[in-house]
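Here are the chains, one letter per residue:
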Amino acid sequence: MALGPFSAKDHVVITTLGLEFAVAVSMGVAVGFWLDKKYSTFPWAMIAGVMCGFALGLYIIVKESHRLSQTEKITEDKKKNGSI
Amino acid sequence: MEVSETIAHHILDHDLGVMIGAFHLPITAHTLTMLGVSIVLFVVAVLLSVRGKSLLSRLLNTVGEEYVAFMRDGIVVPGIGKEGIAFLPYFCTLFLFILFSNLAGLIPQMKTITSNISVTGGLALCSGGLIVYAGIKTHGLWGFIKSFIPGGTPWWLVPLMFPLEVISLIIRVCVLAIRLFANMLSGHMVLLSLLLIIFIIGQMSKMAGVGAAFPAMGLEIFMTFLELLVAFLQAYVFSLLTSIYVGLVVHSH
Amino acid sequence: MENLLNPDFGVMALTIVNFLLLVWLLHKFAWKSIIGALEKREQQIAQDKETAALARQEAQNIKAELDAKLKEISNEAALKMQEAVAVGNAQKEQILAETQKQAEQLLAQAKEQIAAEKTKALADVREQVVSMALLAAVKITQQQITQETAASAVDEVLREVKQAGVKTH
Numbered sequence: 000m001a002l003g004p005f006s007a008k009d010h011v012v013i014t015t016l017g018l019e020f021a022v023a024v025s026m027g028v029a030v031g032f033w034l035d036k037k038y039s040t041f042p043w044a045m046i047a048g049v050m051c052g053f054a055l056g057l058y059i060i061v062k063e064s065h066r067l068s069q070t071e072k073i074t075e076d077k078k079k080n081g082s083i
Numbered sequence: 000m001e002v003s004e005t006i007a008h009h010i011l012d013h014d015l016g017v018m019i020g021a022f023h024l025p026i027t028a029h030t031l032t033m034l035g036v037s038i039v040l041f042v043v044a045v046l047l048s049v050r051g052k053s054l055l056s057r058l059l060n061t062v063g064e065e066y067v068a069f070m071r072d073g074i075v076v077p078g079i080g081k082e083g084i085a086f087l088p089y090f091c092t093l094f095l096f097i098l099f100s101n102l103a104g105l106i107p108q109m110k111t112i113t114s115n116i117s118v119t120g121g122l123a124l125c126s127g128g129l130i131v132y133a134g135i136k137t138h139g140l141w142g143f144i145k146s147f148i149p150g151g152t153p154w155w156l157v158p159l160m161f162p163l164e165v166i167s168l169i170i171r172v173c174v175l176a177i178r179l180f181a182n183m184l185s186g187h188m189v190l191l192s193l194l195l196i197i198f199i200i201g202q203m204s205k206m207a208g209v210g211a212a213f214p215a216m217g218l219e220i221f222m223t224f225l226e227l228l229v230a231f232l233q234a235y236v237f238s239l240l241t242s243i244y245v246g247l248v249v250h251s252h
Numbered sequence: 000m001e002n003l004l005n006p007d008f009g010v011m012a013l014t015i016v017n018f019l020l021l022v023w024l025l026h027k028f029a030w031k032s033i034i035g036a037l038e039k040r041e042q043q044i045a046q047d048k049e050t051a052a053l054a055r056q057e058a059q060n061i062k063a064e065l066d067a068k069l070k071e072i073s074n075e076a077a078l079k080m081q082e083a084v085a086v087g088n089a090q091k092e093q094i095l096a097e098t099q100k101q102a103e104q105l106l107a108q109a110k111e112q113i114a115a116e117k118t119k120a121l122a123d124v125r126e127q128v129v130s131m132a133l134l135a136a137v138k139i140t141q142q143q144i145t146q147e148t149a150a151s152a153v154d155e156v157l158r159e160v161k162q163a164g165v166k167t168h
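Residue numbers (numbering that gives the first Met the number 0), protein chains in the order written: chain A, 0 to 83; chain B, 0 to 252; chain C, 0 to 168.
Note that these hints are calculated values from the structure, not bench results.
Ideal placement from N, C-alpha and C gives every residue a C-beta, glycine not left out.
Be aware that a few hints might be false.
Rough simulated footprint, nothing fancy, chain B against chain A, three-plus residues with beta-carbon under 8 Å [to be verified]:
| id | stretch |
| --- | --- |
| 1 | 5-19 |
| 2 | 37-47 |
| 3 | 51-60 |
Partial pick of chain B residues on the chain C-facing surface, computed with a CB cut under 8 Å [claimed, not checked]:
| id | residue |
| --- | --- |
| 4 | Asp12 |
| 5 | Gly16 |
| 6 | His23 |
| 7 | Pro25 |
| 8 | Ala44 |
| 9 | Leu47 |
| 10 | Ser48 |
| 11 | Leu58 |
| 12 | Phe96 |
| 13 | Leu98 |
| 14 | Phe99 |
| 15 | Leu102 |
| 16 | Ser117 |
| 17 | Gly121 |
Chain A extracted, bound-state conformation (with noise of 0.2 Å):
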């Protein structure tokens, strides 16, 4: 699976994708947390969110990467069928 050359719009896309990660965890910490306030369970919810949190970016990550790889195909394919 080569990766690259990639155009500016998949620049911003993989540059996104740290931040998403991040952004998971920390929402699964959030409501982790929250729960745990609510039903007073201090670490179980917010443990369970981070690992909920982890899967959800790992998930995005690999959907992300698959995408870019699966256009980075498609323009190949284009490109020996003579269309671009």
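Given the coordinates of chain A, assemble chains B and C onto it according to the supplied hints.
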């Protein structure tokens, strides 16, 4: 005055505390600046669009057309494709609004309103609304909901995938807000901290403070130019990301 | 510093209202006309391009046509030239033949003439010879004449002359 207090004073919003009865109006330094930015933006855009025979108005018209062409060919069409041209006015306004808001902080008495999470959150919510609107407009309501589930998902994974996809859309909107907010806030803070270096060192000894002023001012000028670059870059990135997300929703099956 | 990350929903709502209002206002007052002008200009450019391409196509067509015509003309000219050369050659042959014939005729005429001249000259000579002989005879006879000798001498001279005339003819 404490350093953290000074920074907070400069960065945080100041509520003017206007009340109508029991209702608390959100009239703050930031919203006032936003109003100013909006008025300036409106005047500039109308100036760009007014047709005229004089050289100046022709020049302004050309600038306006070039700007719109750039937004169309540089942001909307690469992100969304031909279908996105209907949303062109939104992106034109979005880019200029964010740019002017970012640059407003460089003018004395104005605030960098994009370093306020509420403002960037509001902008991101508008973009999120646009994403949902574009999805519903192209696929219909049911098609839009179905488009959250990627093609080829087994039926037993649907209850897992659907929330994941919805939450990732929400995360995208959050990321839009947080990215702009963090970039503008950090730039603002760095500028302020560089200035504060002079006073912190000056409290220890006056001569050292004078000595520190020169490198600090050099760095300050450098950072100001960097901030100018970041202002353009973040406006561009915000618009481009919005268009990419709209394009993802429009082209999903 | 704590409320840095706490969104103020009033400000957020105001931002949304402000921004959407701005989008609507600018769409109505600015972007519509700018986008219209841009599209008009691009349409104009596309049209101009199309017209230019059309004109170019037309020019190429005309050029091809002219080229073909030119070629045709030069072909024709070459053909004509060939024809002219052939005609010239034929004429040359004809003239040559004619000339030769004429020359031969002239030669023959000349020969004939020469022959005629020759006979004429011979006749002249003979006449002169005759007259000279006569003169000589007269002289001689005047010196030693007698009737008989004179007569026989005349006869003899006449016979001789006759013989000479027979010889020459």
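Status of each hint after checking the structure:
For the stretch 5-19 of chain A, the stated coverage by chain B is satisfied: 8 residues place a CB nearer than 8 Å to a CB of that chain, which reaches the threshold of 3. For the stretch 37-47 of chain A, the stated coverage by chain B is violated: 0 residues have a C-beta nearer than 8 Å to a C-beta of that chain, whereas at least 3 were required. A stretch counts as covered by a chain when three or more of its residues have a beta carbon under 8 Å from one of that chain; for the stretch 51-60 of chain A and chain B the count is 3, and the coverage holds. Among the interface hints, the one on aspartate 12/B holds; its C-beta lies about 7 Å from the nearest C-beta in chain C, closer than the 8 Å criterion.
For glycine 16/B, the shortest C-beta to C-beta distance to chain C is roughly 12 Å, which exceeds 8 Å, and the interface hint is violated. Of the supplied interface hints, the one on histidine 23/B holds, with its beta-carbon coming within about 7 Å of a beta-carbon of chain C, less than 8 Å. With 8 Å as the threshold, the beta carbon of proline 25/B comes within range of chain C, its nearest partner Cβ sitting at about 3 Å, so the hint holds. Checking alanine 44/B against chain C: minimum C-beta separation of about 4 Å stays under 8 Å; hint holds.
With its C-beta approaching chain C no nearer than about 6 Å, leucine 47/B sits inside the 8 Å limit, and its interface hint holds. Among the interface hints, the one on serine 48/B holds; its C-beta lies about 4 Å from the nearest C-beta in chain C, closer than the 8 Å criterion. At a threshold of 8 Å, the smallest CB-CB gap from leucine 58/B to chain C is about 14 Å, leaving the interface hint violated. Hint status for phenylalanine 96/B: holds, given a least beta-carbon distance of 6 Å to chain C, under 8 Å.
Of the supplied interface hints, the one on leucine 98/B is violated, with its beta-carbon coming no nearer than about 13 Å to a beta-carbon of chain C, more than 8 Å. At about 10 Å, the closest approach between the beta carbon of phenylalanine 99/B and any beta carbon in chain C exceeds 8 Å, and the interface hint on this residue is violated. Hint status for leucine 102/B relative to chain C: violated, with the closest Cβ pair at about 16 Å, above 8 Å. About 4 Å separates the beta-carbon of serine 117/B from the nearest beta-carbon of chain C, less than 8 Å, and the hint is met.
A distance limit of 8 Å between C-beta atoms decides the matter here; for glycine 121/B the minimum to chain C is near 3 Å, and the interface restraint holds.
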